[in-house]
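Visitor: Spelled out from the first residue to the last, the chains are:
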Amino acid sequence: AAMELPPSHYPAARAAALATSYLCYRRGGPGRGLALRDVRRARRQDIDGVGHKYHLELVLEDVLDKDSTVNCTAEVLYHLGNKHIAPDVQFTIEGELKNTNEADNIFYNRIKSLEKELVAENIPDSHGNVSPELEPIHLLAWVASGYVIWQNSTENTKFQLAHVKHVKQVKRSDEYLEFDYTILLHEMVSQEIIPWQMTVLWHPRHGVRVTQASRQPKH
Amino acid sequence: DQVLHIVPETFQQVQHLQHLCSTLLLDLWKPLLPEDIWAGEDLHIRVPAPLVQEIKDSLDQHMISYKVLIPDLQELVDQSMPRESSHRQVPEGYVYTQYHPMEEIYQWMTEIQKSNSELVTQHYLGKTVENRTMYYLKISQPSDKNKKIIWMDCGIHAREWISPAFCQWFVKEILQNYKSDPKISRFLQNLDLYVLPVLNIDGYIYSWEKDRLWRKNRSPHMNGTCYGTDLNRNFNSSWGSIGVSYNCSSEIFCGSGPESEPETRAVAQYIERKKSDILCYLTIHSYGQYILTPYGSTTKPPSNSEELMHVAEKAAAALMGKYGTTYKVGSTSLILYSNSGSSRDWAHTIGIPFSYTFELRDKGTHGFVLPPDQIQPTCEETM
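Chains as they are written, first to last, in the UniProt record's numbering: chain A, 1 to 219; chain B, 1 to 383.
Just chain B, same shape as in the assembly (with noise of 0.2 Å):
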């Protein structure tokens, strides 16, 4: 639409601006009604976008001369508007400080969604045991590029409660910042970001509900006297040889064989469907303040080695630039311990290049209860 400032110079050229502004029904801005134009006076005429070239050529077939005082009118609108607002674009009065349970997760990704569509897209990956639904968010800006993807799933284990909250955050943070942020501007023009932030959904519940410290999922085994298989035991890699337990009643039980769960087959399948897209694999644990490196099952050093350290330190260095906080980098089998059937193991092992796991904050004084107000600052660093 364009917005038309003309002053009619005779009495003629009065009496045509009258008849098109009655006939076609143009908005006057100024004067407000047709008698009230009068030559030499100033006329502004909105003319709606279809009608701009046929109204500039009746006005020049009657020589009346025009000039454009607003050449695009819904761009002015737009940027009149608050639309940049950071409220607008994250749900309003969402409390990423504290801790939140699955219905409000849930709730908050639809309306994350919602108030970005533009950029978010809610999908269906699975059912867990209690066949609830598991859900993962695909950030991704329209071009018509083929991009690589970055996948982050965070509560594996039910009782890491700081995971699911960093997830949360991370999807905020880019949000609010794709716009004004050079730096993740042009990571969303290369990159999609897959972020699935409760895995393990069961569980997270049951340790809202029922056991704080519970780890694992919630599949009954022995005709339901005993429950859970430590997911992050349960996928297929090298499953079951070494750091895990066969018997239902250990906390890294793993399972009745490699993807038993539903919950690992979900993440398993598409991981693997998408495999030749997916740059980075990402999952995030606590506690412990660590970025884990392949493998738990051995000490051999995976074949990129060298750059899956040298990015994990850099990672582990910008993060200390933050707030002092140091990590320590390196394989799970030096750092921490011996395991297998790990999601990230898994991932590495069919070919996603850089595959890490994230320990957060803190090193053992809360250890899995971390107070809220530590929330902010493990997830600012972690950015």
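If we strip away everything but chain A, and leave its shape as in the complex, we get (with noise of 0.2 Å):
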């Protein structure tokens, strides 16, 4: 029996926010962000030794495009237990999104014929500007936090990526493109800003996959 959640309330908030990071993270790429615009409706339901299932309908816009908006439907199961599992998601998105083929060939080109590996640090900076070359950076950072953040999810956590503290590209003979990031995580739940190391890959049909994450001490 599914029980229905005020949509504004913390734990619909949450697991909408936890959806829409991994969501973010299947969909997204350099040229496409996806963030949670509103949660329309949430239910819950206790599901016995095994967890908690909340039920989404939800709002998404383009981070690129704010007036661009599409609606999805998603499922959060967050695992009982001691040893932490990551939540199980699914979703469906209701209509396309915006193909974002052309702008992902050109930054794909441009990376692919850089002669030095692209290095980058502080994005945005302190007053919140990031340069046009690098906002396709920032946006897979964005993309590929979601997968971290999917990772590390219980109900009293809610992340968002805060900060950029360093890219660097890794070159590779195939045709992907690698970059590890350091990134900081703010969870509002406890308000830390944890750091937390990752390595992207990249590829325009390929989309976007974290192979490796750790999480850093903080200075």
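Honestly, I wouldn't trust all of these hints.
Pairs of lysine to any residue residues, derived as SDA-like cross-links and limited to a Cα-Cα distance of at most 25 Å, are as follows [what the hints assert, rightly or not]: (1) A:Lys218 / B:Tyr124; (2) A:Lys168 / B:Thr365; (3) A:Lys98 / B:Thr365; (4) A:Lys165 / B:Ser249; (5) A:Lys66 / B:Pro34; (6) B:Lys322 / A:Leu64; (7) A:Lys218 / B:Pro220; (8) B:Lys148 / B:Tyr124; (9) A:Lys165 / B:His285; (10) B:Lys67 / B:Pro34; (11) A:Lys165 / B:Lys183; (12) B:Lys183 / B:Thr121; (13) A:Lys218 / B:Asn247; (14) A:Lys66 / B:Ala316.
Every beta carbon over 12 Å from chain A, so not counted as near; a handful from chain B, in silico [claimed, not checked]: (15) Gln18; (16) Leu175; (17) Asn236; (18) Ser249; (19) Glu272; (20) Gly321; (21) Leu334.
Hints are computed from structural coordinates only; laboratory data are not their basis.
For every residue, glycine included, the Cβ atom is placed at its ideal position computed from N, Cα and C.
From the two separate chains plus the hints, produce the assembled complex.
Guide: Structure, rendered in structure tokens:
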């Protein structure tokens, strides 16, 4: 039996944030990021011996084009137990997401043709500015952080990417682009800023993949 | 001062007028010199205010008729000067759509008071851990009414830069528009505004110089191996009970005791003193886009919950009317998380009826590091 939850209260909000992060990881790229616009409806189901399952109806917006929104439904299952297992997330997006092939190919070719590996830090700067050439790098971090967020979320956490401390491109012989990121995640409940290292692979046709991620000690 | 228009009719009148002008050293506007006064010709003289009656009596005595050309010279002078220009009232050249370091904010406060001294006074509130002075601005229209107070503080958390930016914007808006905007002028007829632009000064400076994402103040603990108390967990409202850490290394460390921090004490002592006159307590944070009501430490609603929510909902609707930005309304314990020792909860428990936390833009895409091009729309909609 599923209990109706107030969409603006934190249990629904946290599950929705997690679902959005996961969804963004699966569907995003340097040319497309998705953020949560609104929680339309939320229900919770307590499954004995398994965990808590949230049924969500969400509205997402395109980070690069705030007027472009899309509806989606998602299910988030937080597992019971002491050993932390990443929650199960399933989603369905209504309609089509904007095609980013052109922008993706431009970015891909630009990086592939760099003589020296790309290195950057402090994105955005203290005032919130991101230079245009680094926008795709920033967005890629946003999308990839969805993986880290998904893997580490519980009903008592709400993560957001706060900052990209450092990024270094790693040249590969195959067709993928590889970046080594150090990011800072903001966790809302504890208010902590947590550094994380992640290795991110991307290809215009294959999407984003995080191959390695490890939490770093707070300086 | 008045300016009189006289047309002397006889030679005796001319002589008398010449006599008046030279002995009293009156300011002749037309003609320039007493010897050029002629019967049948226009005469304009400026008479200083204290002499007006005496001159008029003298003219009457000598049957010299006159007309008052300018009844109040000062008024005319005032009207013709560009005093209403907004440049005169706010520091020229201060860019409200950029983030400013603390040095500039201190200067701004001094300037604001200087160029708006009829309305604004700067007051000492207390000192920070690192011995910096905390000032608040009082915006008050002189009147014999005893007015209620609206208190607003910004920057209790160092990394939330949009918050002090909003306080500065708010002050500028009020001062630029109080004469022309009927809503604001009516507001100021009945209420005084007290604005603390940066509460956590040490933390704010630290976020500029060392760590952009610093949150707490800079009080040293454990022999200087760990720094900072979360000022918004340090107030005396169910202090230390929930949603806090007793460990200095945590971002929500509540301090060694309620009001252990000088910044907390400075604010609390002052508000306690004035509490019977304070109608509304506002504390500005980011991010999240929320208008939060008491309490954080319990889900039990406050006594005036309905009214609190009603006002907050109207505020959120008005806010959305500007740019479509949605703000969620509700108590912290339901919307966000449990916490104790918050300034907003404390203000309500000591009897201030309307107590709100504003969490400004955005919803997490930029989070604490909101780009400066969002300062204006954020501030405009929040106004």
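Visitor: State for each hint whether it applies.
Guide: Now the hints, each set against the structure:
1. Note on Lys218 (chain A) and Tyr124 (chain B): the hinted pairing is violated, with a Cα-Cα distance of about 37 Å set against a maximum of 25 Å.
2. A threshold of 25 Å between alpha carbons decides the hint, and for Lys168 (chain A) with Thr365 (chain B) the separation of about 22 Å falls inside it, so the pair holds.
3. Under the criterion of a C-alpha separation no larger than 25 Å, the hint pairing Lys98 (chain A) with Thr365 (chain B) is consistent with the structure, at around 19 Å.
4. Pair hint Lys165 (chain A) plus Ser249 (chain B) holds up; C-alpha atoms about 21 Å apart against a cutoff of 25 Å.
5. Only pairs whose Cα atoms come within 25 Å are accepted, and Lys66 (chain A) paired with Pro34 (chain B) is rejected, the gap being roughly 77 Å.
6. Restraint check: the Cα-Cα separation between Lys322 (chain B) and Leu64 (chain A) comes to about 21 Å, which is no more than 25 Å; the hinted pair holds.
7. Restraint check for Lys218 (chain A) and Pro220 (chain B): satisfied, since their Cα atoms lie roughly 18 Å apart, inside the 25 Å limit.
8. Only pairs whose Cα atoms come within 25 Å are accepted, and Lys148 (chain B) paired with Tyr124 (chain B) is accepted, the gap being roughly 20 Å.
9. Only pairs whose Cα atoms come within 25 Å are accepted, and Lys165 (chain A) paired with His285 (chain B) is accepted, the gap being roughly 24 Å.
10. Simply put, Lys67 (chain B) and Pro34 (chain B) have alpha-carbon atoms about 19 Å apart, close enough for the 25 Å limit, and the pair holds.
11. Annotation: proposed proximity of Lys165 (chain A) to Lys183 (chain B) is violated, straight-line Cα distance about 46 Å (limit 25 Å).
12. For a cut-off of 25 Å, the pair hint linking Lys183 (chain B) to Thr121 (chain B) stands: about 22 Å separates their Cα positions.
13. For the proposed pair Lys218 (chain A) and Asn247 (chain B), the alpha carbon gap of about 15 Å is at most 25 Å, so the pair holds.
14. A hinted pair counts as satisfied when its Cα atoms are at most 25 Å apart, and Lys66 (chain A) with Ala316 (chain B) qualifies at roughly 20 Å.
15. No beta-carbon of chain A comes within 12 Å of the beta-carbon of Gln18 (chain B); the shortest separation is about 71 Å.
16. Under the 12 Å C-beta cut-off, the non-interface status given to Leu175 (chain B) relative to chain A holds; the minimum distance is some 25 Å.
17. Once the 12 Å rule is applied to beta carbons, Asn236 (chain B) is consistent with being away from chain A; the minimum gap is 20 Å.
18. At roughly 8 Å, the least C-beta separation between Ser249 (chain B) and chain A is not larger than 12 Å, which violates its mark as non-interface.
19. Residue-level check passed: Glu272 (chain B) sits 27 Å from the nearest beta carbon of chain A, beyond 12 Å.
20. Separation of Gly321 (chain B) from chain A is adequate, the least Cβ-Cβ distance of about 17 Å exceeding the 12 Å criterion.
21. With a least beta-carbon separation of about 5 Å from chain A, Leu334 (chain B) fails to lie farther than 12 Å from that chain, contradicting its non-interface assignment.
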